[in-house]
Amino acid sequence: MKFFSIIIPTYNSSATIKACIESLLQQTFTDFEILVIDGLSSDNTRAIVEGVADSRLSFFSEQDSGVYDAMNKGIKKANATWLFFLGSDDFLYNKNVLADMNVLLKKTRAKFVYGNVKIVGDTSWAKDGEIYRGATSVADLLTFNICHQCIFYSIDIFKHKLYNHQYKVLADHDFNIYCASRYQMQYVPITVSFFNAGGISSRLIDANFQKDKWVNTVIYFKKKLFDKSFYKYRYELKKTVKPFLKQSKFKLAFTALRAYSFLKLSKFM
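Read in order, the letters of the sequence shown correspond to residues 12 to 280 in my numbering.
FYI, nobody ran anything at the bench for these hints, they're computed from the structure.
These figures come from a predicted structure and were not determined experimentally.
Check the hints yourself; a few may be wrong.
[What the hints assert, rightly or not] Below 20 Å or equal to it, Euclidean Cα-Cα: the simulated PhoX-like pairs (lysine-lysine) are: (1) 129 x 170; (2) 87 x 170; (3) 179 x 84; (4) 13 x 179; (5) 278 x 249; (6) 172 x 224; (7) 224 x 84; (8) 235 x 249; (9) 239 x 222; (10) 257 x 243; (11) 235 x 278; (12) 13 x 122; (13) 275 x 234; (14) 222 x 179; (15) 222 x 250; (16) 249 x 234; (17) 172 x 88; (18) 250 x 234; (19) 275 x 249; (20) 249 x 262; (21) 275 x 233; (22) 224 x 179; (23) 87 x 172; (24) 262 x 235; (25) 243 x 222; (26) 235 x 275; (27) 88 x 13; (28) 250 x 224; (29) 249 x 239; (30) 262 x 224; (31) 278 x 224; (32) 250 x 235; (33) 262 x 234; (34) 243 x 233; (35) 87 x 13; (36) 224 x 253; (37) 170 x 88; (38) 250 x 275; (39) 233 x 250; (40) 170 x 13.
Generate the whole structure from the sequences, applying the supplied hints.
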């Protein structure tokens, strides 16, 4: 078993995939595999990837339903202790990233370890050249996602859940919220990769995710929501009561209502 599985979803990525892969092959730490999961590209992506002579690199191409479906396929093929997802237009920050992370991951008990990304181009949530975003509390994660290009996930997490590819843009945000409800998360002050602002998460709105976000938050956290750090989200939690009642999920409706009531009163405690 390798230490890292690095999963790269691709679709017509011929302009950027070579630089992405080269940033991995230049790493001083070498115990990793690269899984390129392609969605039947019609450009030269296959030729470029298969032209790289390195036994650690594997290319798979078949039709998929989007980037998160591809990531799930990569998870099922992975044979490593830690999984890392890199966009085909992103690349590692320097040649020592995996070596530095290897040292840290061998010491931690956390199953979700994350650093920072450096933004390339402007997004609605970060500007060009910015280091995004430092340590993120569990409560803050409900507003600010952590880029998956700086997260190292234990393979154990994926034994219980995969990405919900019904969320075409922000399935990783949903997945990270799930992880925060169940696993220890650790921030390390390392810039892991360059994040290219041209991807779908920078440009599009995920209506399905936004519709389900707070319902899923209640499902994931349940009684863990009885914490003062969730105070600013009390009204969002209250709004989930009606959807749960419509689905006859009375225990979840009661949990959401109790959490709202507790958080409302917590200001005076």
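Exercise. Out of the numbered hints, which ones does the structure contradict?
Worked result: Numbers 1, 4, 7, 9, 10 and 31 - these are the hints that the structure violates, sorted from lowest upward.
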